[in-house]
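**Student:** Counted the way my numbering counts, the sequence shown spans residues 5 to 240.
It is worth saying that the hints were derived from the structure and are not from the lab. Note that the Cβ used here is the ideal one computed from N, Cα and C, for glycine as well. Incorrect hints may appear among the rest.
[Claimed, not checked] So the derived label-pair ranges between C-beta atoms look like this: (1) 226 x 121: 18 to 24 Å; (2) 149 x 194: 33 to 39 Å; (3) 221 x 123: 38 to 44 Å; (4) 222 x 152: 29 to 35 Å.
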Amino acid sequence: MVCATALGLLVGMAGLKTASAADLIVSEPVGRFLATCETLARSCYADACGRDQIDAASGCRGQCPSSVVISVVPAACPLTDPRASIDAAARSSFVHDEPRLSSARGAVELVLSRRTEALTTVAQTLRYAERASNGAFAVERVHAEHRLGEPYTRVHICYRLGDRSTAPICNIDYLVTRDPPHVEPADRFDGIGRDLEQGPQAFLRALAREAEHQQQPAPLQALRRVLEPLNPYDWR
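From just these sequences and the hints, can you work out the full model?
**Tutor:** Have a look at this one:
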């Protein structure tokens, strides 16, 4: 019942075209993130784990634009929705034209390929939310930031919720180290990133709650942000 209500809130806000795989964007100067040529990929499916998955041996790589390198990575098939697999199997495609950006691209890739507590990757969970919400939720960009003096790179996931004309929300953060490679949520115990870590359904419920808060008057939203850290109640 809770899931149905959450999904209903998101779908009700939509009225928008479902975001395509190419909507996952890495902001400048990191470059453009593509979740594969989606139309092309439909002809490159092979049945795996009871659902569609891109076949790494299908020869599709050569048919994609020359500026794009498709990196096909086998997935563990944790999702039951067969439509949610295209970027689960091919979660990382970057424009490889600036070698100096390899560190930032690598940090973003580590985050998107991270397995959450639900055994889905971050990329799978984001894509599932886009499709399940019928476009009410759409990833705007994923970008890396290195702050002076910090031993790690921050990766920010920015998204739009509901009205596409509103400014993107960038409140999902991960901390990444490269040697050894390691990814940690910036906040394990609070915020919508915590819910993303618990899998697609928990993330959808969190998005529905966030959408509800966006409908509140600005003074009430400001008051909620101030009081939220002091609230001992776990709404989940």
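**Student:** All hints, please: hold or fail.
**Tutor:** Results of checking the hints against the structure:
1. 226 x 121: 18 to 24 Å: 32 Å, violated
2. 149 x 194: 33 to 39 Å: Violated, at about 20 Å.
3. 221 x 123: 38 to 44 Å: 40 Å, holds
4. 222 x 152: 29 to 35 Å: 34 Å, holds
Hints 1 and 2 from the list above are not met by this structure, while the remaining hints are.
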